[in-house]
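Engineer: Chains as they are written, first to last, in this note's numbering: chain A, 1 to 346; chain B, 1 to 332.
Since the hints were derived computationally from the structure, they do not count as laboratory data.
Among the hints, a few may not be true.
[Claimed, not checked] Below, computed lysine-lysine pairings styled on BS3-like, alpha-carbon distance capped at 30 Å:
1. A/K142 x B/K277
2. A/K176 x B/K277
3. B/K211 x A/K267
4. B/K277 x A/K315
5. A/K268 x B/K90
6. B/K90 x A/K34
7. B/K90 x B/K35
8. B/K277 x A/K268
9. B/K211 x A/K268
In this text, all values refer to a predicted model and were calculated from it rather than measured experimentally.
Here's the letter readout for the chains.
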Amino acid sequence: MSSAPLLKVDNLTTHFHTSRGDVQAVRGVSFDVKPGEILGIVGESGSGKSITCLSVLGLLKANGEVVDGSADFEGKQLTGLSDKDLRAIRGDDIAMIFQDPMTSLNPTLTVGEQLIETIVAHKPVSRGEARKRALELFELVKIPSAASRLDNYPHEFSGGMRQRVMIAMALTCDPKLLIADEPTTALDVTIQRQILLLLKDLQEKLGMAIILITHDLGVIAEVADRILVMYGGMVMETGDVYDVFESPQHPYTTGLLDSIPDVRSHKKERLTPIPGSPPDMLRPPEGCPFAPRCPHAMQQCLEAMPPLFERPNAKPTVHEARCWLHHDDAPDSLKAIFKAPEAANG
Amino acid sequence: MDKQTHMNEDEILMRVRDLKKHFQVSAGFFGQNPKFLKAVDGVDLDIRRGETLGLVGESGCGKSTLARTLIRLYSPTDGVIEFNGTDLAKLKEKELTPHRRDIQMIFQDPYASLNGRMNVRDLIAEPLEIAGIGDDKSRTARVHELLEVVGLNKDHANRFPHEFSGGQRQRIGIARAIALNPQLVICDEAISALDVSIQAQVVNMLEDLQKELGLTYLFITHDLSMVKHISDRIGVMYLGKLVEIAPNNALYDDPKHPYTRALLASIPIADPVEARKDNQDQMQGEIPSPIDMPSGCRFRTRCPLATDLCAVEEPELKELADNHKVACHYAE
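Bound conformation, chain B alone (with noise of 0.2 Å):
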């Protein structure tokens, strides 16, 4: 709440249109009807300055390559990412460098992403090393620095990622994340692989530090409680589109998508009096492949209220409610 008073709720730090990502899955015979695979088709999305967006979807549906597209891990097939008035989507690699210090990620396997054989301090200066900022001595402040405010301490510059817990290394990631002073963090699935009371402190010092350091987060995660907690609003992914996007309470209160309903409804919630109440939204089915996409609307194979119109016609994400954007061309 606090967060939206010192905030202009207008300003966009990230304006992404018509964003596509298709990879080629096979040539074709003799290059004719090459297959795509259809893993971003199309978003549109706005990410305010200071906010945290969420971003939910079953595996894939296209919110890992979604994100990785945006800091330009990979070349977007078509569309515009417009981050502080520059359009990322058209630099070309070495354009892109004095941007990427501003848009920094952080990764679910913090054992995965952080070199074993480097030490901590070599690990979070290395960053600022690549962008040039001070020399080895100022580093190692900084350094020491940024493991206090993610709650380690200076001890533990000359240990190595092997020695931490599985909690302790993320907070090593997410010090190297923010040792740039980035403007936009994005947690892929960042705390997806810890221990459930791990999760919690992880959580708390994010919030921490967006509050502290004006950080806005584009958090990805398939843990729709947590998602909750932590955003300010949500966006729903299915099949590389974005089918609904809307503040929290107001997503989980009136979602208008059935696949948003569907999604919410398989929530496993730590009450047996809850988790065992009929419910009437259980999905069916599982995500088609997005190699052979279902035509129309993309969610119609599996929804309750589909009709000959769905297989027609693709339904356009149109705000129903202020701030509430759906694609369903029966949502109301």
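If we strip away everything but chain A, and leave its shape as in the complex, we get (with noise of 0.2 Å):
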């Protein structure tokens, strides 16, 4: 997994300007894509993770910007170049899906003709080999009697369906770069498992890379090659799922994970919630954005941002966790608390 990274974002930091202030949603994240894999990205709202991803596509609101950081693709500068070249690289090689298709989809409009008029808009192609193209989409996306699907209009799709017509017009000019925004949290588990699964398979059979935007670890466990955790416009951990489910490295991974019940545990055991709530980003904490919330939190902690400390790694890719429970002078009694990843996986 060595291959130079399709998608290098560098420092990144965006700010949202309102009357109140400046809302600090991005605050330095830095992260590679490889081609071909799936980077998963996890976080609460107000994380930062959406806000990551449309900063590197150049989508922010009106008010948004970035203040400081670069996002380089293919070693090309995404940030700062003109609206007109960004849009010739969002069509072509980078995609975009969204939790909610029905409004990304225009309703008076066949599915059919949408996808058509979105791939003769990017290839030279007549109408008829354009919609010969769009049906080849729609068999890759799996979508039962597809020939007679594509004269549908989007309200005769069920949510699940309508998410995987949003694919199929992604994935029009073959981008080496889709990236899907909690694609599969507005449906029932069942299509969400569903939709999953063609996910990884579209990205085993296309060779395409992913990031995957969710809250949901469940989601993340399921497809992800490598995970991204944010909190409060950070990075707070970093490294491969196996990694870093099997030994979080991070007190806010460790509460994200006890926060949820084991579906597999038989006793009635009472959750372990993470006290308190996120942190407002117009005025984020000084120190560590978790350490108001985190049992273990030290003075240190609250007056200095940690590093991104290197962890252990049973698996290739790099582990870090931003937390100074790993500074060496850290007492070890609190170091104690992380589970070492050799003896997880050994």
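Hints are included, so try docking the two chains, each in its own frame, into the full complex.
Structural biologist: Here it is as structure tokens:
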């Protein structure tokens, strides 16, 4: 997995200017996406996970601004690119799908027409050829009786089928990167699983990379190769999915995993919530954004921002966590709360 | 566990029999052959005093319509809703008033269900006012008390809903729901809109309130992990019918209906090793329209076990094990 990154995000910092001051939505986020991998970004509302991706694509609302950092796609700088150049990249190389497919489809046109329109806009083909391609795409995303479904209107599709239509549309130009923002959140679990398996299947078949944004650790566990845990506009932990779930190295990650009831357990145990609520990003805490809710917080955590510390990893991917407990000077009793990955995978 | 020691297991708080709620969706040609959406289509259900009964199913299965019919937000098309010995289904709007305070509901979106122009004091005092309980001063005292109970404090009383986070707003909704000391609280996707770390806070609080106030919960959700945690028994709905109902561990260890098996197989498990195991029970297709229902067993169009029998005969809900009822010809 040492191939050059497809997308390289470096120190990305995004603010929203409001009447009450600047909301610091994204604060120095750096990560890579390699060709053909699935990167899962997990975080709660307000963690900055969606804004990070919208910043990369230049899709921020008018009051949003990338104030620092850069995003590099195959050597091309995306930040600072003109709208026109960005639009070309968005259509061809990077595609995006959202939570609610209904709002992204035109209710007055059949889905076939919308798909054909997209194809013709991007490729020098006739409408007839475009229709053939549309049919192929429908079959690729496994829409049953694809040929007749092309002539249906969006409201004639269920939520799950609509999301398949959106995926087909995103695939028109064979993108190298698909950004999927909560693509299954509005769907039933049964349909969610079908869509996730479809995405995994497409990634394998087409060799396309996927950034999967979600609040659900279960979704990440199901399909992602690598995980980025975000909180307070920052990356708190990152690593191979197996490493991070087996031996989480940040108290926030541990807290998230502990908040979910274990469906395999027979005993009725009390849940362990994370106390308090997420920080106000108008005035984020000076130190670690999680410190005010962290059961292990030290004085240091409230005063200074911890860097990302490299952690032992069982898989080849680097495992990092932004927590002062990994500093050499932290008390051993507190360090002991983290499980070592060797033991977990041994 | 300790809940059951001081609870008479057999005491039924609400007995639902053959409950139906059909919505007419088209008048038909000159009034002939009108079409109906059979959202709830013959549900039998007992809710026992002090228990948490979970209700799960895909969207469109009728679980929310069932809840809304139970509290008579909708008038039932047919059937019996016996609550404390009175059939609510037969009562007229006016006759319902004395019963309303005993059944309360907590909704999914606390932002939409709280009037943004009212402060927290007035929001929580409103049900007391409508029920004609106390005077202004005693109601304010009760509001302060309720705020403490749900983990807020009296300083919050003069603020407005938009000043609170989602989790705090849901606490306000809960304070409002328990203000009249109800017997039954229906939670309709009450935690679904909350962040994971906050969900656990609210669920713990609901469990504490149940112990302290002796509440009975009907807990409706699509979150199959949370419903197992919070419920004593769980009912599974499909296209307007109950297809299986059992104590929580029995349902998850030994699901007898093929639909329940498929549903449980799609739970996203936060463990990559478990989550990536191949699962035989993977659900096929999507839920059919409740307007053009399949004949016989409603699940047969997606069922791996379906035979000719399933197309002609609708299976009845039968007790196959202790407290474990299933509606499938081939369940054993």
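Engineer: Would you mind marking each hint as holding or not holding in the structure?
Structural biologist: We went through each hint and held it up to the structure:
In summary, the hint linking A/K142 to B/K277 is supported, as the alpha carbons are separated by about 22 Å, within the 30 Å threshold. Of the supplied pair hints, the one linking A/K176 and B/K277 holds, its CA atoms being roughly 28 Å apart against a limit of 30 Å. For the hint linking B/K211 to A/K267, the alpha-carbon distance of about 18 Å falls within 30 Å, and the restraint holds. Restraint check: the Cα-Cα separation between B/K277 and A/K315 comes to about 19 Å, which is no more than 30 Å; the hinted pair holds.
Of the pairs offered as hints, the one joining A/K268 and B/K90 is violated, with about 39 Å between alpha carbons and a cut-off of 30 Å exceeded. For the hint linking B/K90 to A/K34, the alpha-carbon distance of about 64 Å lies beyond 30 Å, and the restraint is violated. At roughly 25 Å between alpha-carbon atoms, B/K90 and B/K35 fall within 30 Å of each other, so this suggested pair holds. Taken as a hint, the B/K277 and A/K268 pair is honoured in the structure, with Cα atoms around 25 Å apart against an allowance of 30 Å.
Between B/K211 and A/K268 the alpha-carbon distance is near 14 Å, which keeps this suggested pair within the 30 Å criterion.
When the structure is compared with the earlier hints, violations turn up for hints 5, 6 and for no others.
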